[in-house]
Amino acid sequence: MLRAAGVGVGDEVVVPAFGNVEVAEAVALAGALPVFADIDPGTYCLDAAAVEASLTSRTAAIVAVHRFGHPADIGPLHGIGQRHGLLVLEQGESEAPYDEIARRRERAAYLDGKLRGVRTPDWGDGHTYQQYVVRVPGNGRPDRDAFARAVRGRGVDCRVPVKTPVHRLPGFRRCVSLPETERAVDETLALPVEASLTRRDMQRIVSACNALGGLLQPAFG
Numbered sequence: 421m422l423r424a425a426g427v428g429v430g431d432e433v434v435v436p437a438f439g440n441v442e443v444a445e446a447v448a449l450a451g452a453l454p455v456f457a458d459i460d461p462g463t464y465c466l467d468a469a470a471v472e473a474s475l476t477s478r479t480a481a482i483v484a485v486h487r488f489g490h491p492a493d494i495g496p497l498h499g500i501g502q503r504h505g506l507l508v509l510e511q512g513e514s515e516a517p518y519d520e521i522a523r524r525r526e527r528a529a530y531l532d533g534k535l536r537g538v539r540t541p542d543w544g545d546g547h548t549y550q551q552y553v554v555r556v557p558g559n560g561r562p563d564r565d566a567f568a569r570a571v572r573g574r575g576v577d578c579r580v581p582v583k584t585p586v587h588r589l590p591g592f593r594r595c596v597s598l599p600e601t602e603r604a605v606d607e608t609l610a611l612p613v614e615a616s617l618t619r620r621d622m623q624r625i626v627s628a629c630n631a632l633g634g635l636l637q638p639a640f641g
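Heads up, the sequence shown is in our numbering, so the first residue is 421 and it goes up one at a time.
Please note: incorrect hints may appear among the correct ones.
List time: in silico SDA-like cross-link candidates among lysine to any residue, alpha-carbon distance up to 20 angstroms [unchecked claim]:
1) LYS534 / ARG603
2) LYS583 / ALA615
3) LYS583 / HIS486
4) LYS583 / GLU600
5) LYS534 / ALA522
6) LYS534 / HIS486
7) LYS534 / ALA628
Cβ-Cβ distance ranges computed for the label pairs, FRET-style [unchecked claim]:
8) ARG579 / SER627: 44 to 52 angstroms
9) ARG539 / ALA448: 45 to 53 angstroms
10) VAL596 / ALA516: 16 to 24 angstroms
11) GLY462 / ASP577: 44 to 52 angstroms
12) ARG536 / ARG478: 45 to 53 angstroms
13) GLU515 / PRO461: 20 to 28 angstroms
14) ARG594 / ALA615: 17 to 25 angstroms
15) GLY426 / SER616: 21 to 29 angstroms
16) PRO599 / ALA570: 39 to 47 angstroms
17) GLU513 / ARG539: 16 to 24 angstroms
Calculated directly from the structure, the hints in this document are not laboratory data. Small disclaimer: the values here were computed from a predicted structure and weren't measured. Idealized CB from N, CA, C, for every residue including glycine.
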């Protein structure tokens, strides 16, 4: 799509650093330079103000990535594109059948109401919960990693959704300030929310997390 639009050598394309490397690789394969902008801490998608601040005379396009089943706030990005004459592309996620999405939402609602000591997602009604991502805030120590190990020890298959931001990876290293991206990389943890999970599975997740939640209270200030 970038090549078809004439994006190439000498151009810059604004992309998120929070997530997979494929988008930055696609920009590089087109001959352009990926420029990393920060994310919105609630949606984990590109923040429009950060995107606008990253624009230069060489910017040719913006690539918005929908993350964890939450759609990027594409309206403001299209507004930026119109004001500056930029191409705005979207990278979506694979769509699940409606009944599967409905079951994920039910499990997510259960977790929303039961979990303590972690910050649950506040995503409204538009998401499909490809992943259920909570925050385990740091408090001068690797709380998220210790929390994840302890939860796994209780039989819950959680995982860190983004281990390294793209702007720290070899070949894409940039000296750029992305505080919300860095914070999200350090704090986020994906808990199971698959449609196949039983009520007992959900209770196990809640029990494992809540048994540790009290340890994290100082991190909330």
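Status of the hints after comparison with the structure:
no.: 1; hint: LYS534 / ARG603; verdict: violated (24 angstroms)
no.: 2; hint: LYS583 / ALA615; verdict: violated (25 angstroms)
no.: 3; hint: LYS583 / HIS486; verdict: holds (18 angstroms)
no.: 4; hint: LYS583 / GLU600; verdict: holds (14 angstroms)
no.: 5; hint: LYS534 / ALA522; verdict: holds (19 angstroms)
no.: 6; hint: LYS534 / HIS486; verdict: violated (27 angstroms)
no.: 7; hint: LYS534 / ALA628; verdict: holds (12 angstroms)
no.: 8; hint: ARG579 / SER627: 44 to 52 angstroms; verdict: violated (19 angstroms)
no.: 9; hint: ARG539 / ALA448: 45 to 53 angstroms; verdict: violated (34 angstroms)
no.: 10; hint: VAL596 / ALA516: 16 to 24 angstroms; verdict: violated (34 angstroms)
no.: 11; hint: GLY462 / ASP577: 44 to 52 angstroms; verdict: violated (25 angstroms)
no.: 12; hint: ARG536 / ARG478: 45 to 53 angstroms; verdict: holds (48 angstroms)
no.: 13; hint: GLU515 / PRO461: 20 to 28 angstroms; verdict: holds (26 angstroms)
no.: 14; hint: ARG594 / ALA615: 17 to 25 angstroms; verdict: violated (38 angstroms)
no.: 15; hint: GLY426 / SER616: 21 to 29 angstroms; verdict: violated (45 angstroms)
no.: 16; hint: PRO599 / ALA570: 39 to 47 angstroms; verdict: violated (27 angstroms)
no.: 17; hint: GLU513 / ARG539: 16 to 24 angstroms; verdict: holds (22 angstroms)
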